[in-house]
Amino acid sequence: MSNVNLLQFTDLLERHGPDLTRWPEAVLPGAEALLRQSAEARELHQTMLGLEQRLLGLPDLPAADYLQAGILAELPRDPWSGVLEWFTSAFWRPALAAALPLVVGFAIGFYQGTADDQYLTEDLSLLAFTQAFEELEYDD
Amino acid sequence: MISDPISDTRISDEHLIRRIAGRDQAAFTLLLSRHIDPVHSYLYRMTGSRTDAEDLTQETFLKVWQKASSYQPGRVKVTTWLHSIAHNNFIDGYRRRREPAADLTDGLPDETADPLQETNASEQQQRLEAAIGGLPDNQRSALLLCQVRGFSNAETAGILGISTRALESLIARARRSLRATLLDNGSNEEGAG
Numbered sequence: 001m002s003n004v005n006l007l008q009f010t011d012l013l014e015r016h017g018p019d020l021t022r023w024p025e026a027v028l029p030g031a032e033a034l035l036r037q038s039a040e041a042r043e044l045h046q047t048m049l050g051l052e053q054r055l056l057g058l059p060d061l062p063a064a065d066y067l068q069a070g071i072l073a074e075l076p077r078d079p080w081s082g083v084l085e086w087f088t089s090a091f092w093r094p095a096l097a098a099a100l101p102l103v104v105g106f107a108i109g110f111y112q113g114t115a116d117d118q119y120l121t122e123d124l125s126l127l128a129f130t131q132a133f134e135e136l137e138y139d140d
Numbered sequence: 141m142i143s144d145p146i147s148d149t150r151i152s153d154e155h156l157i158r159r160i161a162g163r164d165q166a167a168f169t170l171l172l173s174r175h176i177d178p179v180h181s182y183l184y185r186m187t188g189s190r191t192d193a194e195d196l197t198q199e200t201f202l203k204v205w206q207k208a209s210s211y212q213p214g215r216v217k218v219t220t221w222l223h224s225i226a227h228n229n230f231i232d233g234y235r236r237r238r239e240p241a242a243d244l245t246d247g248l249p250d251e252t253a254d255p256l257q258e259t260n261a262s263e264q265q266q267r268l269e270a271a272i273g274g275l276p277d278n279q280r281s282a283l284l285l286c287q288v289r290g291f292s293n294a295e296t297a298g299i300l301g302i303s304t305r306a307l308e309s310l311i312a313r314a315r316r317s318l319r320a321t322l323l324d325n326g327s328n329e330e331g332a333g
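Line order of the protein sequences matches chains A and B. Using my numbering, read the first sequence as starting at 1 and increasing by one per residue. Using my numbering, read the second sequence as starting at 141 and increasing by one per residue.
If you are wondering where the hints come from, they were derived from the structure by calculation, not from laboratory data. Mixed in with the good hints there might be a few duds.
Stated by the list, open to error - Partial list, derived from the structure: chain B residues whose beta carbon lies under 8 Å from chain A:
#1 GLN165
#2 THR169
#3 VAL218
#4 VAL288
#5 ALA312
#6 ARG315
#7 ARG319
#8 THR321
What the hints assert, rightly or not - Covered by chain A, per the in silico footprint, the following chain B stretches (three or more residues, Cβ under 8 Å):
#9 150-163
#10 264-277
These numbers were taken from a predicted model, which means no experiment stands behind them. For glycine and all other residues, C-beta sits at the position ideal for the given N, C-alpha and C.
Generate the whole structure from the sequences, applying the supplied hints.
Below, the structure written as structure tokens:
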């Protein structure tokens, strides 16, 4: 496209905006020539430039502070981090955590002790039975 | 843990997303503080309601937390990805339960010190916001992403899930409509004055 008429220029302006560097290279020479020659094209370009500047000047509509806090509060929590937080949030909880192996040790020791006593009773019964059997054989 | 505010500015969005995929809440907080205002602004202008914009902004960032591992660095910029999620939320969630748009001009920050200038700026701004609010959804989103947020035509087409050519048509119609509305308003005011 070497020559650009006003209709084509308007279409290009509406598609790509007033910044000519964003226009397709093929149409640039024709568009620039029309801008030099036509007062109507220049006026159209100026109007679009003004509109673009007003759009670019629109301020951000900032989010309220509570929104950011609300989003962070809604994050799904890792269950393990909850356990960790429970242990570290009060001074007696780490002590409880440290004492836990001790409690477990006592429990295992108590269980083992009871089991040994049971085995001992069984052994004694067996011994007593064997002795009684031997004495019976001896009497015969 | 991200705590040093000076080094924070040097951490790229892509790096933050990688850390968010590994469930780093500090990285998420930093990404949120960087991008919450642009995303909220876009959604506010799309919905015309602060409450709906807040709901959609929240949904958008919670999806970022859930889907951070699906982000592909190098394919699109993080800002483009964020606006895609925001736009899809608008399409999927909001449009189905739409109510009449409220006044967009409440809560706009004052930027000038001179009261006369402030009145002029705010009137002009209100007229522009109203003209943007009057555009159809697809034209409004194309215009906001391209002209206000500064995405390229190709990036905007990617966000909206349409071809670049279709986007150019949308944005051409939006510019034409906006120019006509603002020129009409201007000549009406001149006539009245």
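Verification of the supplied hints:
no., hint, in the structure
1, GLN165, "7 Å, holds"
2, THR169, "6 Å, holds"
3, VAL218, "17 Å, violated"
4, VAL288, "5 Å, holds"
5, ALA312, "4 Å, holds"
6, ARG315, "5 Å, holds"
7, ARG319, "6 Å, holds"
8, THR321, "10 Å, violated"
9, 150-163, "violated (count 1)"
10, 264-277, "holds (count 4)"
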